[in-house]
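Asks: Sequences are here, hints too, so could you generate the full structure?
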Amino acid sequence: MVTLIAKNQTIECELVIFDKNGTLVNQHLLLLELAKARKNAVQKFVGKNVSELWEKIVGVDLKNGKIDHSGPLGTAPRREEILIVAAAFYLNGYSWSEAKQLAQRVYDEADDSMQSPYGSVLLEGVAETLKRLKQGGLKLAIASTDTHRRTVESFKTLKIAHFFDAMVGSDDVVNGKPSPDMVLEILKKTETKPSATVIVGDSLSDMQMGRNAKLKACIGVLTGFTPKEKLEQLADVVVFSISELHVH
1 MVTLIAKNQT IECELVIFDK NGTLVNQHLL LLELAKARKN AVQKFVGKNV
51 SELWEKIVGV DLKNGKIDHS GPLGTAPRRE EILIVAAAFY LNGYSWSEAK
101 QLAQRVYDEA DDSMQSPYGS VLLEGVAETL KRLKQGGLKL AIASTDTHRR
151 TVESFKTLKI AHFFDAMVGS DDVVNGKPSP DMVLEILKKT ETKPSATVIV
201 GDSLSDMQMG RNAKLKACIG VLTGFTPKEK LEQLADVVVF SISELHVH
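Heads up: the sequence shown begins at 1 in the working numbering, then just goes up one per residue.
Bear in mind the hints are in silico, worked out from the structure with no lab data behind them.
Mixed in with the good hints, there may be bad ones.
What the hints assert, rightly or not - Heads up, simulated DSS-like pairs for lysine-lysine below, C-alpha to C-alpha not over 25 Å straight-line:
#, residue 1, residue 2
1, 7, 56
2, 100, 131
3, 7, 230
4, 63, 48
5, 7, 156
Since this is a predicted model, take the numbers as computed values, not measurements.
Replies: Here you go:
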């Protein structure tokens, strides 16, 4: 076991699971780039009016650079967002079968138009912290609502992929956050027990996922968009960023 220090608490553990968006990378910048690509694809295939409807449905205002971080774009796995968008296409005259196929095609086109790291920008101190924790003897992993491929490719481009023993995306499991599925998959891949595992994330769904998986501890960070008082309802400890994590 390694002693992880978070604020004034010490936690004996072997594995730390990190969320990606809002915890390791700047969530707002990433979502803006993703939104631009997806809106352009919607407009290309279905027209300007539907692309404007798309912004409202997923919770984004690109003209003013605003995102509802509790909306579908900010919280939903890709497959859920595709179904939401398919409903908009259905309301614009497509059959449900056609709407689902078209939504899938639109999102595939949007993703293909983007290049790694897909709008991901590391938050300050992330690379240094990951290196410190890894050298201290901890196993590290990722549980992200992004897809497996995009997560791996973006981290390779950002030169932090080598720090992780496992990376699990929303498409690797049946149920996304706050279901424990991602965590259970990581525990299996890393051969680690829940009682020796800590999760670090910026959202209530991250904390609830850790609780549902019966992990040893849940650490909240304030680099996302969840207020401290909300995180404190589920987290064992709340720190400003992962830079405050150390090993003894």
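Asks: Against the earlier hints, flag every one the structure doesn't satisfy and list their numbers going up.
Replies: 1, 2 and 5
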